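Asker: So the sequence lines, in the order shown, correspond to chains A and B. Under this note's numbering, read the first sequence as residues 1 to 95, first letter to last. Under this note's numbering, read the second sequence as residues 1 to 95, first letter to last.
Simulated from the structure, these hints should not be mistaken for lab results. Given the structure is predicted, the values throughout are model-derived calculations rather than measurements. Just so you know, not all the hints are guaranteed correct.
Said to hold, decoys possible - With the Cβ distance kept under 8 Å, some of the chain A side facing chain B (calculated, not the full set): (1) His-4; (2) Gly-14; (3) Ala-19; (4) Ser-31; (5) Val-76; (6) Gly-78; (7) Phe-80.
What the hints assert, rightly or not - From the derived model, a few chain A residues whose C-beta atoms are all more than 12 Å from chain B: (8) Glu-2; (9) Asp-22; (10) Leu-27; (11) Lys-28; (12) Arg-30; (13) Asn-36; (14) Met-39; (15) Tyr-52; (16) Pro-61; (17) Trp-65; (18) Phe-81; (19) Val-84; (20) Lys-88; (21) Val-90; (22) Arg-91; (23) Lys-94.
To be verified - Covered by chain B, per the in silico footprint, the following chain A stretches (three or more residues, Cβ under 8 Å): (24) 6-12; (25) 40-51.
We treat Cβ as the ideally placed atom computed from N, Cα and C, and that holds for glycine.
Protein chains: 2
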Amino acid sequence: MELHEIIGFVAGFGTTFAAAPDLLAMLKRRSSRGMNPTMAGIMGTFQIVWVYYGVLIDSMPVIVWNIIAVVINFLVVGAFFYFVRNEKIVREAKR
Amino acid sequence: MELHEIIGFVAGFGTTFAAAPDLLAMLKRRSSRGMNPTMAGIMGTFQIVWVYYGVLIDSMPVIVWNIIAVVINFLVVGAFFYFVRNEKIVREAKR
């Protein structure tokens, strides 16, 4: 692996895992409160464009880290709707 | 400007401005509550590595958007300490 690829992988490792604690805390809360599916959805969508850009310039770090980011962001959107649905079921059960 | 550069600039525009609403809401609260300076600091540090990677592969979009992201993240860290200092002054004034 060439130097610049190592640099790119280190950069992406840092920016991807810097957000991990927040993400885990949010998923542990098992509540839609404080989640921002709109931002995650927009981020995920534009990260697909970053993946396409990475393909055009043949940059593995840009491709790999943005694919991971797309998966994480769409997991956040999915988790949000899952928690909202659960909260609705719980509310209706209490009626 | 070549096609791939346009794609890279569009991608970065989206991922950078997707975070803008959250950032503005946080700054409007004028409180350190809910801010995560550690994540912003780690993100900003690794985005400097992304800038270096962009230089190595001669990618303007990677360079430009990550410089903007570095500035935003270190502004967040600065704003956090500014709000914390203000909150301390207010608390001491109430004693």
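Asker: Mind verifying the non-interface call on Arg-30/A? Its CB should be farther than 12 Å from each CB in chain B.
Answerer: Correct as stated: the minimum Cβ-Cβ distance to chain B is 19 Å, above 12 Å.
Asker: Against chain B, is Ala-19/A within 8 Å by beta-carbon distance?
Answerer: Holds. Min distance 6 Å.
Asker: With 8 Å as the cut and Cβ atoms as the points, is Val-76/A at the interface with chain B?
Answerer: With Cβ-Cβ at 12 Å, over 8 Å, it is violated.
Asker: Is it correct that the beta-carbon of Val-90/A has no partner in chain B closer than or equal to 12 Å?
Answerer: holds (25 Å)
Asker: Does the CB of Ser-31/A sit less than 8 Å away from some CB of chain B?
Answerer: Violated, about 15 Å.
Asker: Over 12 Å from every CB of chain B: does Lys-88/A meet that, or does the non-interface label fail?
Answerer: Label holds. Min Cβ-Cβ 25 Å, cutoff 12 Å.
Asker: Is the shortest C-beta separation between Gly-14/A and chain B less than 8 Å?
Answerer: Holds - the Cβ of Gly-14/A comes within 8 Å of chain B, reaching about 3 Å at its closest.
Asker: The output says Tyr-52/A does not contact chain B. Does that hold with a beta carbon cutoff of 12 Å?
Answerer: violated (6 Å)
Asker: Is it correct that the beta-carbon of Asn-36/A has no partner in chain B closer than or equal to 12 Å?
Answerer: Violated, since 6 Å does not exceed 12 Å.
Asker: Grab the minimum beta-carbon distance between Leu-27/A and chain B and tell me whether it stays above 12 Å.
Answerer: holds (16 Å)
Asker: Lys-94/A clear of chain B by more than 12 Å, beta carbon to beta carbon?
Answerer: holds (29 Å)
Asker: Close enough to count: is the Cβ of Phe-80/A nearer than 8 Å to one in chain B?
Answerer: violated (15 Å)
Checked against the numbered hints given earlier, this structure breaks hints 4, 5, 6, 7, 8, 9, 13, 14, 15, 16, 17; the rest are met.
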